[in-house]
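For what it's worth, the UniProt record's numbering labels the leading residue of the sequence shown as 1, then goes sequentially.
If you are wondering where the hints come from, they were derived from the structure by calculation, not from laboratory data.
On a predicted model such as this, the values are computed, not experimentally measured, just so you know.
Glycine included, every Cβ here is placed at the ideal spot set by N, Cα and C.
A few of these clues could be false.
As the list claims (entries may be wrong) - Keeping only pairs whose Cα atoms sit at most 30 Å apart, straight-line, the calculated DSBU-like set for lysine-lysine is:
hint, residue 1, residue 2
1, K133, K27
2, K133, K104
3, K27, K104
To be verified - Derived DEER-like restraints, expressed as beta-carbon distance ranges:
hint, residue 1, residue 2, range
4, G36, G58, 40 to 50 Å
5, G50, G3, 36 to 46 Å
6, P101, Q17, 16 to 26 Å
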Amino acid sequence: MAGRVSWDQYFMDIATQVASRATCDRKHVGAVIVRGRTILSTGYNGAIRGLPHCDDVGHMMENGHCVATVHAEANAIIQAATNGVSIDGATIYTTASPCWPCFKLIANAGLVRIVFGEFYRDPRIFEYAARLKLDLVGLGEAARPPASGA
1 MAGRVSWDQY
11 FMDIATQVAS
21 RATCDRKHVG
31 AVIVRGRTIL
41 STGYNGAIRG
51 LPHCDDVGHM
61 MENGHCVATV
71 HAEANAIIQA
81 ATNGVSIDGA
91 TIYTTASPCW
101 PCFKLIANAG
111 LVRIVFGEFY
121 RDPRIFEYAA
131 RLKLDLVGLG
141 EAARPPASGA
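Construct all of the structure, not just a fragment, from the sequences and the given hints.
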């Protein structure tokens, strides 16, 4: 059937909508965890539960990064755990490639596939995904990491 988007694009589009709930204006990121074409959990980057949003009170900056928020990938994993949903063997769709700490959470949570929309900062994920046999898929031109030395 012509005109239908792929499943990867479908779930990435949902992750993009989830990102619209993010509460850090420095970067809006959304994540969706899926198994067997069924959504198991979602998350977006936002303040620690019960604390004010950095959009409202300002950013907590360290080394050029706002560290006040819990990242989208971590929130999606937390939501699954909170609700007793197993995500072992699932795929995570995230609008930006995971940072190094989120990549480690994803690997240890048993997710087997990461689909991301744009490359974000840390090329180590490519090497370690290969070493761990995690399927790492970038969608579109923005998913390519910068050339070495750039």
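Next item on the list: Kindly confirm whether 36 to 46 Å is satisfied by the beta carbon distance between G50 and G3.
Entry: This hint holds: roughly 45 Å between Cβ atoms.
Check: Given the hint that K27 pairs with K104, does the C-alpha gap stay at or below 30 Å?
Finding: Holds, at about 20 Å.
Item checked: C-beta pair P101, Q17: status relative to the range 16 to 26 Å that was hinted -> Holds: the Cβ-Cβ distance is about 25 Å, inside 16 to 26 Å.
Next item on the list: Could you say whether the range 40 to 50 Å given as a hint is met by the Cβ separation of G36 and G58?
Entry: holds (42 Å)
Note to self: What's the verdict on K133 and K27, does the C-alpha distance respect the 30 Å limit or exceed it?
What the structure shows: holds (29 Å)
Next item on the list: Decide if the proposed pair is consistent with the structure: K133 and K104, CA atoms, cutoff 30 Å inclusive.
Entry: Status holds; Cα separation ~13 Å.
Comparing the model with each earlier hint shows no violations; every hint is respected.
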